[in-house]
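For the protein sequence lines, the chains are A, B, C and D, in the order given. Numbered continuously in this note's numbering, the first sequence closes out at residue 460. Numbered continuously in this note's numbering, the second sequence closes out at residue 460. Numbered continuously in this note's numbering, the third sequence closes out at residue 460. Numbered continuously in this note's numbering, the fourth sequence closes out at residue 460.
Take these hints with a grain of salt, some might be off.
Where chains are identical, the list cannot tell them apart; a pair therefore holds if satisfied intra-copy or between any two copies.
[Unchecked claim] Computed cross-link-like contacts, BS3-like style, restricted to lysine-lysine with a CA-CA straight-line distance of at most 25 Å: (1) Lys-345 <-> Lys-328; (2) Lys-168 <-> Lys-75; (3) Lys-437 <-> Lys-27; (4) Lys-345 <-> Lys-330; (5) Lys-168 <-> Lys-136.
Honestly, the hints are just simulated from the structure, not real lab data. Just so we're clear, the structure is a prediction, and the values are computed from it rather than from any experiment.
There are 4 protein chains.
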Amino acid sequence: MDYDSIDTAIPTLGEAKTDSPIKAKGSRVRGQVFVSDEERVLIDSDLSRLEKRIREGMPIPSFEKAGPREKTYFDPSKLKCALVTCGGLCPGLNDIIRAMVLELHYGYGVENILGIRYGILGFLPEYSYQEKVLNPKVVSGIHEMGGSFLGTSRGPKTGEVIEKVVDYLDRTNIGILFMIGGDGTLRAASLLADEIMTRGLRISVVSVPKTIDNDIHLVSRSFGFHTAVELATTAIRGAHNEAQGHPNGIGLIRLMGRDAGFIAATATLALQDVNFTLIPEVAFDLAPPNGLLGALEDRLKERGHAVIVVAEGVKENIPECKKKDKDVGLFLKGEIVSHFKGKDIEINLKYIDPSYMIRSLSANASDNVFCSFLGRDAVHAGMAGKTRLLISQWNEELVHVPMSASVSRTKQVDPNGKLWFGVLEATGQGALKNDRQFVVPPSGGATQPKGGTANF
Amino acid sequence: MDYDSIDTAIPTLGEAKTDSPIKAKGSRVRGQVFVSDEERVLIDSDLSRLEKRIREGMPIPSFEKAGPREKTYFDPSKLKCALVTCGGLCPGLNDIIRAMVLELHYGYGVENILGIRYGILGFLPEYSYQEKVLNPKVVSGIHEMGGSFLGTSRGPKTGEVIEKVVDYLDRTNIGILFMIGGDGTLRAASLLADEIMTRGLRISVVSVPKTIDNDIHLVSRSFGFHTAVELATTAIRGAHNEAQGHPNGIGLIRLMGRDAGFIAATATLALQDVNFTLIPEVAFDLAPPNGLLGALEDRLKERGHAVIVVAEGVKENIPECKKKDKDVGLFLKGEIVSHFKGKDIEINLKYIDPSYMIRSLSANASDNVFCSFLGRDAVHAGMAGKTRLLISQWNEELVHVPMSASVSRTKQVDPNGKLWFGVLEATGQGALKNDRQFVVPPSGGATQPKGGTANF
Amino acid sequence: MDYDSIDTAIPTLGEAKTDSPIKAKGSRVRGQVFVSDEERVLIDSDLSRLEKRIREGMPIPSFEKAGPREKTYFDPSKLKCALVTCGGLCPGLNDIIRAMVLELHYGYGVENILGIRYGILGFLPEYSYQEKVLNPKVVSGIHEMGGSFLGTSRGPKTGEVIEKVVDYLDRTNIGILFMIGGDGTLRAASLLADEIMTRGLRISVVSVPKTIDNDIHLVSRSFGFHTAVELATTAIRGAHNEAQGHPNGIGLIRLMGRDAGFIAATATLALQDVNFTLIPEVAFDLAPPNGLLGALEDRLKERGHAVIVVAEGVKENIPECKKKDKDVGLFLKGEIVSHFKGKDIEINLKYIDPSYMIRSLSANASDNVFCSFLGRDAVHAGMAGKTRLLISQWNEELVHVPMSASVSRTKQVDPNGKLWFGVLEATGQGALKNDRQFVVPPSGGATQPKGGTANF
Amino acid sequence: MDYDSIDTAIPTLGEAKTDSPIKAKGSRVRGQVFVSDEERVLIDSDLSRLEKRIREGMPIPSFEKAGPREKTYFDPSKLKCALVTCGGLCPGLNDIIRAMVLELHYGYGVENILGIRYGILGFLPEYSYQEKVLNPKVVSGIHEMGGSFLGTSRGPKTGEVIEKVVDYLDRTNIGILFMIGGDGTLRAASLLADEIMTRGLRISVVSVPKTIDNDIHLVSRSFGFHTAVELATTAIRGAHNEAQGHPNGIGLIRLMGRDAGFIAATATLALQDVNFTLIPEVAFDLAPPNGLLGALEDRLKERGHAVIVVAEGVKENIPECKKKDKDVGLFLKGEIVSHFKGKDIEINLKYIDPSYMIRSLSANASDNVFCSFLGRDAVHAGMAGKTRLLISQWNEELVHVPMSASVSRTKQVDPNGKLWFGVLEATGQGALKNDRQFVVPPSGGATQPKGGTANF
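Here chain A stands alone, though its shape is the one from the complex:
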């Protein structure tokens, strides 16, 4: 992966000059906890590439480490912050909201915290009056609930809306805007930051990247992903029981993953009861003899049942499904049913789509903890006057990644990597191509995950 071209400098609103309130809490917090901007984490942990860089005198790419700074840019007593969650639901949203509010309140003494309703929409007059005043009491217990305490939406991102949002921020005197959202939100956040700069405002925009699919570039692990895989295994367990429980039983599960098959591949490894895992990153044929329908027929003949997991983005790999704009799970169901009907073989297919049961439930302990770190570090970055950044886990550290570096690129399963190799071993599915060659669809600049896995 080409890490050399990444611009890792984090923009700031200006110099942070004020002593952090955290410092004053002598009895509660130890002084050494502050992180200096000079502490940087290597991006590339590969030794030979590093040696090449050293030989060639190239710079060594690194990210700024996240954490509380000794000096803050904002005066907490006058600061007003806004929080907004954008895009689809994802386990952990409420954990992050809570962590931000607790850190702003107890860590920095910030008392004006607004929760914007329903994503970007919530800045517009139709919804902005519904905003919630946030404080520790209000957010107490919200981490036990799924969904978003603030509400969310897949909002409009057109220029006109951007202006209205900045109007709102300006008018209501917001100093830091915390945006929890996916790639679209990062793009909107960049546009917002442009407009803020154009107007000469002093507003920091800090993001915690959200993608249940775990597919954001330069983000090793996104919150909610562990929980999603855990819940997906319940669906696979059910599908496996349905398949085993009937003659020629087929359990077909559609999982999330528009651009990347991390949930499908990782959940496959958790239970190892899946026989065919289909992800956007690896093309396959449907037609016999070696395509999915042929391999499925062989499997039924040999073992009498089969479990298939398909990620939603596989649609792009099936021209007919893409053309008809059909849900890939239902499309596959139809293809399988008509294939076996054509051969007069009776099958028992059970179709499970657990998507909304996964997105909407509360985070597990692993994501609870992870979100508490993400939320706090977002607050630390904002208080220090940093902007246009997102909080990311990288090489087992939390770091600051400039939005510009991450936006508009997708992280995908590496078809030559550890994760997919594990899936091939667990399923024994081989190349589902009539020429028996693995084919990888054009990736459009996708990047691979650290360590070849989904960072489990």
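Following the hints, position chains B, C and D against chain A.
Just chains B, C and D now, with coordinates in the frame of chain A:
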């Protein structure tokens, strides 16, 4: 309810003359545990109806109590038994299989136990060679798994098949056939018993009634129902979070319940986050102003979100859905979407169908225990030479119900009863009829649950 | 069991003359839902005992059916109610609080509802100022939490306190006092009602009986019990894994059950991995050869591991443990360790006491639903002016039981009944007595459960 | 941290010359999946330390990357492997056993796989006859169970035993010994490898490090830790409910953590309901005014309840507890009770020790997946003839760490790091010292975790 016409006599193969092996286990089991055929449980626990019966000199209806008998009909050392599970999956199937095998083996010393694969199909030559030899070791741990250890199917019940099944039973020398299945299975079991009698064979047919919908006549509680309601609440929790998490969010959950809405109604009471519960037993209008679409629109205006639960059998109440033979959940989704599109109101509808994730998972502790009693009592009944009966919970006792009494009648939610009253209070939905009158569809001889509830 | 001597008449404060507000809600609720005081549920469902009663001209014992009455005694607009939870924690307390508040508010329009803190203590000046004003908003979501939203305590019940409580009720003008608590609470409630009567006050006292042990006389099933058994199985699963995972591994689990072993016995049936279940109702020897220590040694020799479940009340059966006033789990642990040390046999004993993890967690769906019925029916009873009663499940109906009938008697596992027979079969433990005779400790007037089981 | 002195060279038995069988599976696996020994992962991801190393011409420390090698040392058709699990139970043991067996069987075609019973003990004649023959069928489904399928023990590690183990390995012709165990097991493994070398045998010893406490040096994350934290939160939730539910309620939870407080600290962050977290790494006073007992008294006065989490190793910080060799949870319970008794303040303390319920349960999905990678990479390393190594996650890659580098050093919570800072913020506990100064006990060469956190 008319209990007076029920014939509660349990047919037998002949006199039970042999001392039960349970009796000999002096050191392990206490003698008083045996139940005599004279112990009977009142069917009707209503005092005034009882007093009327006494006044009028009518007989008092009662069921034979289940449990181990002092004498057995079969000689355990020579007995061969067969177990079969029929119809759709239901949590607890494996618990019952295990309980039967443990009781046959340890309680009675029966060593020949066959597990038939895939329901009635499994008696036919295509599948019968796959039969499993069952013993305590083989069934150890199966209660932790969902599905059916033996496999199941919605099998053929035509006369020809009945003959083949009896051929199999006769040829393989089966003494007791344990059938775990629903109303269709009870009908098949009755036909089998007829054919057995015609041929003069000595084969007992004992059933444990299975219906995840909890809708079998003269059965207070069917196994798997508690588990199903528990799992359904997870879907409702998710739908509620999705609804609350978006502007004009609607969570629509389709639950099981072909003839009876017990799962939908009971799960509604568990969480109390549902706004509209639709069950087959209560008709409603779709059209505004008071039908579902109007009431939903009002709810969105007032509260901004809504959760709807619909039981699959509601299809029969919607002529258009019935005519098109569409899944009622998807039909409603379409109707709601087009209603609001027609009014140019943007909504966020999320559709959840958890059916196969509910049917296929393992039983909770409550059903584990319940199934262990059902399985053991089925064995005791069979060993005593009783036949054509099912094991049922009634008035908090386990009893023997003749198949003839229960078959072909459905138990339904009482629209005037405690359960539906609770749902109306929890949802506040009122009569979703344009004339504001509750209308109950013709029931075709349905019966109501004991105590007016689903026996929680 | 002697049901004939039970006085089942429910005291009232006076005639209920006002039309129930529920009646007016024509569009929301169907009229037929009202229950008349003439509807009564037979207590004894045994046919032969009934026939004997008829022959001898004896009265037939029955309970008044619970549910909404057509007329109320109290005027909802002026009524003030108080709720209090007493004794130890139990899953479902919050469900009942919520159900009561929702029914009082939405069903009857009662607007003054007070939550008393920390049980009976909360009426005393030290705590009474902390009382909570309850309404639907305040109780929204509390059913997802364990514990008691109001707090609880094992309070003082002396005469002086009783007077202070009635002072409080009188002074604050409470019309109905809802008490959720165990046998001690029922006794206190009776004393309160006496004092109320003495003073000529018009205050109704209605109880929902709480006992995680499921041991209250004339109550088939107490709320929280299903949840407790479910959570107990997790402890057993862990103990089983620990036992199997080590040479001579012993898993020892102490479960709740001061007077009755229902949790221990029922959880044993759920998993069937237990080898010795010890309950207060059945005496046993410790000493070899046939006592627990001998049988345990035999089991280790044969199978290499063992799982033991002991109910806390077993302490009363072990003179040495009783004398030393030791926790029976820790006592047994000591006895086992020293027995094997004396024989120079190395064992691996793991001790698990999950009590507080069981009591404090939230109710499962089965108890959620059950509690919603209990809470609502308590409100209906109170509104009708009934007093000195508790809401009980009996013969699958909810009924009114006079406190006087239930108080001070304990329901216990029947050593000759279905539940204990199931335990003996599941464990194979036999009579753990050196004379190989089962011995039942003196019961002090204990009663047996309906159907011989714990009503699973 | 001083990474420079680490010797990262992995010993081998000899040159790997044979083509890996994985290579031949053209249709199933892609060729590029092989990892070369030249692929190395930087140990230290800190930029400034790296720059210093470059400036000073020092070598850059790195680990060999784990994964399948193109050439194997062993001939699979003749190879015999042994698996053993040592020490206490930990979630995920069965997942690793299964992953190893599946990879050996399907990946390499190894057919002789032995499972040794009960840890090191299992090599001795008393137990070795109980060894299990392992294959895919035998290990199917074991990942759904907790505990160890093979059994485990805290075995003897004396020289004599080491010789007997090597006798066994030699006599039974084992080629690779897979040891899953903690620090003690790593020490035993080193001794075994010494003895193997002394005898000139060709036996590889490969370890997957096990520590539920997550405290092994040079191992970012140990399997079972995520699961342990998840289960610990249930205990905290219960304790919190108990504390809130009573006047002056105190919930005291003892968690695992002999040398390191990762479970206690991380679980504290998951729920954030804890008020005092005590770990071995940070000393505290018991005595008032600022020690635990004083701070607890203050908390009760202000808030009426408190939750305390204590890691078992805290015992070492309390001289009196250490001297009496008491369980620190029970010791603290005693101290708290007598403190408040002395002040005549009534408290309600509930004590929860969930240790064995955590250790013995099955792994969650996150650990399922992690274990599947660990097990497979251990097999790849062994097949390549590598020895004296453990499989570790580091910088989000799986790597080979020489046993010699990791053994006998403990990883601990950094009292100046992100995790402990988070705990101080979540609890607000401050320095529980009468001089209000944080004191860190002597660490004896402990190392800190990557990223300052427990790698959540």
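inquiry  = One pair to classify: Lys-168 and Lys-136, alpha carbons no more than 25 Å apart. Within, between, both, or neither?
reply    = Answer is within; shortest intra-copy Cα gap is 19 Å, inter-copy 43 Å.
ask   = Given a CA cutoff of 25 Å, do Lys-437 and Lys-27 count as a within-copy pair, a between-copy pair, both, or neither?
value = This pair counts as between: shortest inter-copy Cα distance 19 Å, intra-copy 62 Å.
query = Using 25 Å as the alpha-carbon threshold, which applies to Lys-345 and Lys-330: within, between, both, or neither?
reply = For Lys-345 and Lys-330, both the intra-copy (21 Å) and inter-copy (20 Å) Cα distances are at most 25 Å.
request  = Measure nothing new, just compare the shortest in-copy and cross-copy C-alpha distances for Lys-345 and Lys-328 to 25 Å and report within, between, both or neither.
outcome  = For Lys-345 and Lys-328, both the intra-copy (22 Å) and inter-copy (22 Å) Cα distances are at most 25 Å.
key: Alpha-carbon proximity between Lys-168 and Lys-75, which holds within one copy, between copies, both or neither at 25 Å   = Close neither inside one copy (32 Å) nor across copies (58 Å); limit 25 Å.
Checked against the numbered hints listed earlier, the structure breaks hint 2 alone; every other hint is satisfied.
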